[in-house]
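Enquirer: Residue strings, one per chain:
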Amino acid sequence: DAGITQSPRHKVTETGTPVTLRCHQTENHRYMYWYRQDPGHGLRLIHYSYGVKDTDKGEVSDGYSVSRSKTEDFLLTLESATSSQTSVYFCAIKGDSVNTIYFGEGSWLTVV
Amino acid sequence: QKEVEQDPGPLSVPEGAIVSLNCTYSNSAFQYFMWYRQYSRKGPELLMYTYSSGNKEDGRFTAQVDKSSKYISLFIRDSQPSDSATYLCAPNDMRFGAGTRLTVKP
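The listed protein sequences derive, respectively, from chains U and G.
Position one of the first sequence corresponds to residue 1475 (the working numbering), numbered consecutively onward.
Position one of the second sequence corresponds to residue 16 (the working numbering), numbered consecutively onward.
Next up, chain G with everything else stripped away, as it sits in the complex:
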């Protein structure tokens, strides 16, 4: 079993939709969880990170961790075409999920 599992998509939504991106992980020792955004032909950039369980909000983005089920989520409200990118999750040991490719259509 891989340490981090993520549905690669692709995911296509209309502008303004709420987007839900998800990952599962296997190691219960992970303490913090990161989400990266990667535009085409660019390096990933750190979008958000959360410690332990609960929610963290940053503008239109909300990161959520459920340690009991080893499930992490990223929600994007009022999605914009500029949100079109690949989103990768990573626990604190710098191992990544496969990434979900998101397209937001105008």
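Bound conformation, chain U alone:
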């Protein structure tokens, strides 16, 4: 299995609270991605990173921020969680070739 882990795997939080999800990799891959997956929408890209301190927005970035201070860690932060951010969040890593793409096992977030 690829060395990618997400934490926490499950979380319930209240509206208005900050939440941080962590993606950790041991593959030393350059690219890291955060997605959310909702019924009927598939995987939608939130933010991605192409190196330490290099990040960019995806298609659904409003309400989310990211940071990458080390190659191995990519953090996704919901500054003030809303019920519309209840979802499953997946992290992915990608090396220099297309067959080096791996996903984490997902983080289930419920905002009540």
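Hints are computed from structural coordinates only; laboratory data are not their basis.
Watch out, some of these pointers could steer you wrong.
[What the hints assert, rightly or not] Straight-line Cα separation of at most 35 Å, DSBU-like style, residue types lysine-lysine; simulated pairs:
id, chain 1, residue 1, chain 2, residue 2
1, U, Lys1544, G, Lys85
2, U, Lys1485, G, Lys57
3, G, Lys82, U, Lys1568
4, U, Lys1485, U, Lys1568
5, G, Lys71, G, Lys85
6, U, Lys1485, G, Lys17
Fit chain G to the supplied structure of chain U, relying on the hints for placement.
Expert: Just chain G now, with coordinates in the frame of chain U:
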């Protein structure tokens, strides 16, 4: 228009059937195309990828790209209950279709 369009299904077939899963895309600059399989409550895993146009075969799976019509397909021969999953297509910029949920009934 979304970059990648995929019918979400669901699709239900009997065991042994040939399955055809399809996506269309809008950006003619895409160079390679990937198919992912996702089991329930798991992360997606890369199933196959193809460069440019043409076919690529891997066991019971065949990926096909038609760049002239911006159409990509995944065929599954002799489908098995273990193939029951959601299948997602993605061009090389890591954007995904909605995924098609497939159930293969014994």
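Enquirer: State for each hint whether it applies.
Expert: Consistency of the hints with the structure:
{"no.": "1", "hint": "U/Lys1544 - G/Lys85", "result": "violated, 38 Å"}
{"no.": "2", "hint": "U/Lys1485 - G/Lys57", "result": "holds, 17 Å"}
{"no.": "3", "hint": "G/Lys82 - U/Lys1568", "result": "holds, 24 Å"}
{"no.": "4", "hint": "U/Lys1485 - U/Lys1568", "result": "holds, 26 Å"}
{"no.": "5", "hint": "G/Lys71 - G/Lys85", "result": "holds, 17 Å"}
{"no.": "6", "hint": "U/Lys1485 - G/Lys17", "result": "holds, 31 Å"}
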